[in-house]
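Chemist: Protein chains in written order, with the numbering used here: chain A, 11 to 796; chain B, -15 to 143.
The set of hints was computed from the structure by calculation and includes no laboratory data.
Given the structure is predicted, the values throughout are model-derived calculations rather than measurements.
For glycine and all other residues, C-beta sits at the position ideal for the given N, C-alpha and C.
Check the hints yourself; a few may be wrong.
[Claimed, not checked] When the alpha-carbon atoms are kept at most 27 angstroms apart in a straight line, the in silico DSS-like pairs for lysine-lysine are as follows: (1) B:Lys(-9) x A:Lys262; (2) B:Lys16 x A:Lys260; (3) B:Lys39 x A:Lys260; (4) A:Lys660 x A:Lys648; (5) A:Lys260 x B:Lys(-9); (6) A:Lys413 x A:Lys260; (7) A:Lys648 x B:Lys39; (8) A:Lys453 x B:Lys16; (9) B:Lys49 x A:Lys648; (10) B:Lys103 x A:Lys648; (11) A:Lys612 x A:Lys598; (12) B:Lys(-9) x A:Lys390; (13) A:Lys262 x A:Lys104; (14) A:Lys593 x A:Lys453; (15) B:Lys16 x A:Lys390; (16) A:Lys348 x A:Lys262; (17) A:Lys262 x B:Lys39; (18) B:Lys49 x B:Lys(-9); (19) A:Lys260 x A:Lys240.
[Said to hold, decoys possible] If we take Cβ atoms under 10 angstroms as the criterion, some of the chain A residues that face chain B in the derived model are: (20) Gly301; (21) Gly683; (22) Thr719; (23) Ser787.
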Amino acid sequence: MPNHRATTTREKPPREHSRRFGQSDLSRRRFLGYVVAGTSLIAAAEFTRESISDSVPNASAAAIPSTPQTPEIYDLSDAIRDAARPTANLIRVKVNRDNTVSFALPRSDNGQGIITSTQMIIAEEMNLDPDQVIVTLADARPELVFNQLTGGSTTTFSTYTPIRVAAAIAAGRLLDAAAAEMGQDKAVLTSRAGTITDTAGKALSFGDLTAKAAAPVTQAVQVALKDREKFTIIGKPRTKSDARDMVTGKKKFTTDLQIADALPTILCRAPDLNGYPRSVQNLDQVRTMPGITDVVKVEGGVAVRGNTYGQCIDAVNALKVTWANGTVHGADDASVLKELRAAELPLAAPKGPGSLEGDFVFYFRSNSSLETNCAIADVKANSATIWGPAKSPIAAQAEIAKKLGMPQNAVTFHVMQGGGSFGRKLFFDAAEEAALVSKAMGKPVKLMWSRSDDSRQGRVHPMATCRIRANVTADAVTSFEIRHTSVATEGNPGLSEPITAAANKAPLGNLGVAESLFELTQFTPYNFGASTRFLNEVDMGFNTSSMRNIYSPDVATARELMVDQIAAKLGTDPYVFRSEFAKQARFKAVLDRAAQEGDWGKSMADGTAQGIAMHVEYKGCAVCIVELDCTPATVNRKIRQARTGPRVTKVTYVVDAGLIINPRGYEAQMMGGINDGLAMTLTSSLHLDDGHFVEASWDNYFYTRQWNTPPEMNIVIMDSDAPEPGGAGEFGVAATCGAIACAYARATGKIPTYFPLDHKDPLPFTPYPTSPPIPPSPTNGLQTTF
Amino acid sequence: MPTHTFKLNGQQVSVDVEDDVHLLWVIRDLLKVTGPKYGCGINVCKACTSHINGKAFNPCSVQVKDIQPTDEVTTIEGLADTAPGGGLHPMQDAWIEKDVAQCGYCQPGQIMAAVAKVKQCKAEGRDVDDDAIEELRNICRCGTYNRIREAIKAGAENM
Ligand code: FES
Ligand code: FES
């Protein structure tokens, strides 16, 4: 093991004032928002239209946002005739009498830290301490249509400006109210931590002022936002606001909630993927088992409700069910690969002596989070209430209403913080199921998937092939073609919003969405002549979704392996080659920084190597350098119930991701992405066998563990001039995957052709039976204490 | 139905439940103490890690009948009270200081396992180094392992 170095983040040096400072002050953009009628101050902004003007001069050069003004062009008192409509699609910042500011975030937080970063954004604009901002997750709000989706690492990018607009309006109104109250010019007032003070030291709090700043009728107003040069909160590392709750057990996840009479409920599911029950032989007998209250056959299985989950599991395993075949009955990895091969699109550029070709297979991977799928449902005759983690609660609400035969507004969906998501919770399988089970039983249920169901029957990252042909001359690349062929990824109900969620169910309806997503996200960041990227998807009846991105990690792995081969053919070092062929100076800067930070080109022992890869997405650029140990002593080390294999001993991850709200949170997202990259490339996959996935738990499905994670990890967040934040949640994965694959090829001299690298090794476990479906809990736990 | 009694986070508790129900469900579903999480139910993920008489164990894999009235079970909710002073346990402080948790689901188990591992190392005269930490089997599906390492080392210094 090398010397261990702690993870480090280089904290950002104070920003240099840009030369454009004075000029940008004169041409600050002004944004449209609202003050909403009420007895306390409520400022709001639209999620969709954020800017009305790019070049209205700023009336005041003071630090404080200029007073919002009612634009003559837009008289909202006219518009208000249209009652609820004008303010329905607004996000609102409310100033409370207790001196706090509250905001309901129409997004889902599953560990990404967006609650904390949202507190920071609002606090920045209002000169508050982030602790004074209370951010909660909004219930499903159908009127927000496109805007209540958490996915594709887009949250901060898309919410940043609207939230600032609302906060800036609130700040300006409070200042106006204070000026009027104090009989002072507002230019002499200062606002800090919720208190506005005049030069004589007289002070009024936001709580005192909120009623006075409130609007009797809703008004549209314009506002300029705080200059980036004056930021004191955004860009400074901040610990998660709920860090304490998370380490004391206070944070409540869905199954921790105590909702009256919502008893534990688990489904008995089929041996086959998506099989369903035809008949149950012993319903009545199982109903009498200890602790069991209800047993009901439903769409996807047989639901069991009882006093404890343990008793539900015993009852599930006691059920005798006749099952119908599933959607991939009899299929296995080889048969799926055959279908993918048959669907592969041709490469266009002719193959010649200068051609380099690569053909890679990526097996199924599970996006199961540590919290299994879960939801609480209380379905009554004319209404339903659901609690659960959901990244697309509007779609969930609509779909559940439809299934229950109720109008959408009869369903209330309370969005809970999830125990991880990674793409799984873009869907709401458990919420839908819980609603149906509650309806069938006529009782509230706290439905949870067993781990084995979550692993075997839950959503997966699709199996895919990626083929690349590059035509290379003596000193250039004339073409670079990518053909990605994938098991279809189910149309994301939030991304395509409820209307298209329905359309996606039509045959081939998903093709357009997926293809455009591929084209929108996949980018070859090198000057490689004619560059084409095509996707073809085959719908084979799997439950799929993204897993910290759909295509990028696999495409990046294939692409970066080919880049190394091109570099080798041209006799160039992999880093130097990337640097020379990088499309933009910005990418080159990240490459250069990574090479320097990661000590690229240092001498490495036999059987070990460095690997480098670049990935451009989410309005940012990431470069990863890994050191990989493939020596037999490391590869063959033995750990009980574990995968070992090649070990990544060091990761250097350099990222330019635009404006960073919270570097500490951003670094955490990169760290998670890097550990996912290890799993995807080295150890984690599902094996399909006889119509079901073999892996039933974490002792079968080898997600990164302490003994796999890199002992050294250096994450560097580069200073960026980009005005807005880029993506975070998924951006650590793709470059890591590419770098590990390249390091493996360099360390072993073998270019891998499938991933993860150990997918075809003998299984280091005996698979759990598929029937009964849930592995019984051991009873020897007192012998494994330490 | 038999009555089972034991000490949970410093309080004697009694619960009427069948002998063979696993302790995790007794704690979570019946006693409503929800810090220990379900992640597998088969002693693999370690999300449910708690302490019995000061040692790490996994209540998903112990039947309630095997718990004695004098056994002291501590979950994350009771950890702070096992440390001197009125604040949190030093390991919890280290976790906050390093901003370890992402979704937080695994973290009660991580912290309980870490505390036990540090105590074990100290008792055996071993360093709390990477090798010791790599003996921990707790899954973090959010991938916070590297901050966990830092936090364990920092927390160990104050234990
Ligand atoms: S739930 Fe106890 S070890 Fe996983
Ligand atoms: S913080 Fe989410 S599983 Fe560890």
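Chemist: Against this structure, judge whether each hint is valid.
Modeler: Consistency of the hints with the structure:
1. B:Lys(-9) x A:Lys262: holds (23 angstroms)
2. B:Lys16 x A:Lys260: holds (12 angstroms)
3. B:Lys39 x A:Lys260: holds (22 angstroms)
4. A:Lys660 x A:Lys648: OK: Lys660 of chain A and Lys648 of chain A at ~21 angstroms, within 27 angstroms.
5. A:Lys260 x B:Lys(-9): With Cα atoms ~20 angstroms apart, Lys260 of chain A and Lys(-9) of chain B stay inside 27 angstroms; holds.
6. A:Lys413 x A:Lys260: Not OK: Lys413 of chain A and Lys260 of chain A at ~34 angstroms, beyond 27 angstroms, violated.
7. A:Lys648 x B:Lys39: Given pair Lys648 of chain A, Lys39 of chain B holds - Cα atoms ~25 angstroms apart, limit 27 angstroms.
8. A:Lys453 x B:Lys16: It holds: about 20 angstroms lies between the C-alpha atoms, which stays within 27 angstroms.
9. B:Lys49 x A:Lys648: Answer violated: Lys49 of chain B to Lys648 of chain A is near 35 angstroms, above 27 angstroms.
10. B:Lys103 x A:Lys648: holds (25 angstroms)
11. A:Lys612 x A:Lys598: holds (20 angstroms)
12. B:Lys(-9) x A:Lys390: violated (39 angstroms)
13. A:Lys262 x A:Lys104: holds (25 angstroms)
14. A:Lys593 x A:Lys453: Roughly 60 angstroms separates the two Cα atoms, so the pair is violated.
15. B:Lys16 x A:Lys390: This hinted pair holds, its Cα atoms lying about 25 angstroms apart.
16. A:Lys348 x A:Lys262: violated (45 angstroms)
17. A:Lys262 x B:Lys39: holds (25 angstroms)
18. B:Lys49 x B:Lys(-9): Distance ~14 angstroms between Lys49 of chain B and Lys(-9) of chain B Cα, so the pair holds.
19. A:Lys260 x A:Lys240: violated (36 angstroms)
20. Gly301: holds (7 angstroms)
21. Gly683: holds (7 angstroms)
22. Thr719: holds (4 angstroms)
23. Ser787: holds (5 angstroms)
Hints 6, 9, 12, 14, 16 and 19 from the list above are not met by this structure, while the remaining hints are.
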